[in-house]
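> Listed here are the chains, written in short residue letters.
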Amino acid sequence: MAGRGKLIAVIGDEDTCTGFLLGGVGELNKNRKPNFLVVEKDTSITEIEETFKSFLARDDIGIILINQFIAEMIRHAIDAHMQSIPAVLEIPSKEHPYDASKDSILRRAKGMFSAEDFR
Amino acid sequence: MLTDVTEEMGVEMNEASQRLDECLLRFMDQLELLEEKRERLNSLIEQGWFSISKARYSMGNKQVSTLQYGSEIEPRVQINVRVLENGEAEFDTQRVERLRSEDLEKDPRQVEDIGPKDEGVRRRGVTKEEDPKDQSVAPRAYVSKETSPPSRELPQHQDPLKWFGILVPQSLKQAQVSFKKVIELSAEVATLQSTVLATRKELQVLMGNKHEKTPPRHTDRQTDTRCINGGQTDEESTSDS
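Residue numbers (my numbering), protein chains in the order written: chain A, 1 to 119; chain B, 1 to 241.
The set of hints was computed from the structure by calculation and includes no laboratory data. Each residue gets a CB set at the ideal place from its N, CA and C atoms; glycine is no exception. Please note: incorrect hints may appear among the correct ones.
As the list claims (entries may be wrong) - Once the Cα atoms are required to be at most 20 Å apart in a straight line, the calculated EDC-like pairs of lysine to aspartate or glutamate come out as:
#1 A/K6 x B/E202
#2 A/K110 x B/E35
#3 A/K6 x B/E39
#4 B/K201 x B/E39
#5 B/K201 x B/E90
#6 A/K102 x B/E202
#7 A/K110 x B/E184
#8 A/K94 x B/E39
#9 B/K37 x B/D21
What the hints assert, rightly or not - Now the in silico label distances, taken between C-beta atoms and shown as ranges:
#10 B/V177 x A/E40: 22 to 28 Å
#11 B/E8 x A/H76: 16 to 22 Å
#12 A/T46 x B/R82: 22 to 28 Å
#13 B/E212 x A/T46: 14 to 20 Å
#14 B/T214 x A/R75: 35 to 41 Å
#15 B/N14 x A/R107: 31 to 37 Å
#16 B/E39 x A/K110: 14 to 20 Å
#17 B/L33 x A/P97: 34 to 40 Å
#18 B/K210 x A/Q83: 48 to 54 Å
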């Protein structure tokens, strides 16, 4: 995959998606499949999870940006993802500030200092 | 003989401990840097939202929403990913406009020579048969074609800002600038996250190695304490009292 660059996918609320699309990350591919999902009040958790998994399966996505409050809804799916590509980045949302103690990566790093590791 | 073996083991233990300490310090530095970058990322996102809200206030509630997204969306930024030997991934952003201009610089002959030459010959042939009045028009057309940029090298690549109108407020432009910075920073954060996880793995391996080399003294101490407590563990003794 040295020739063509990868994309940044976004799962977030309206303002987050609008902002990142303004920044130029958006793409509608040949099959009219977007690399972003605007989560609204009526968006189901199943839909979010399926979209997240579809982004994981796509080989043209390098980073997945996801609002932390949405990541909380599909925490099991995020924790199950152990590969380095695509990288999953949890970002804050307007109503929910970023909480480092909830972040999957930092929790994994913290796990380093659990009693299990010192046995 | 026995002292030699114990000395060797002691040296190995020291080396392992030193390596572990170095790795742990590196790990801490990386975590600190990650936190720093995270803070910057979060404040930039907040800045972006604030600008979007200001734009929404001046343009109207429905003017800055998902309904305004273009029907054709093309990425203007791409991520270059490089996987290192230890499984670490490096992410680097690259703007697509820059890529296109680099392509043009690499192959400038296509733009300068071929297009205008063909066009010029064709025009000369046509003007021979036409009236002398039209001759004055032909060179003008030739000149205009020569100065206009070739359309096939630069396909229509719309700026997302134009989804929201031609004359957008300054605040929306500021939001775009903020989010462009966020995108660059998010690639850096992703790289750091990957580095942190790789260092964590390394730490685990080093810790395992060190534990293998340490003599099993820990279990002896446990049995000793049990003997002192009269066959009871600490928890049991406290619960009884």
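> Against which earlier hints does the structure fall short, listed by number upward?
1, 3, 4, 6, 7, 9, 11, 12, 13, 17 and 18
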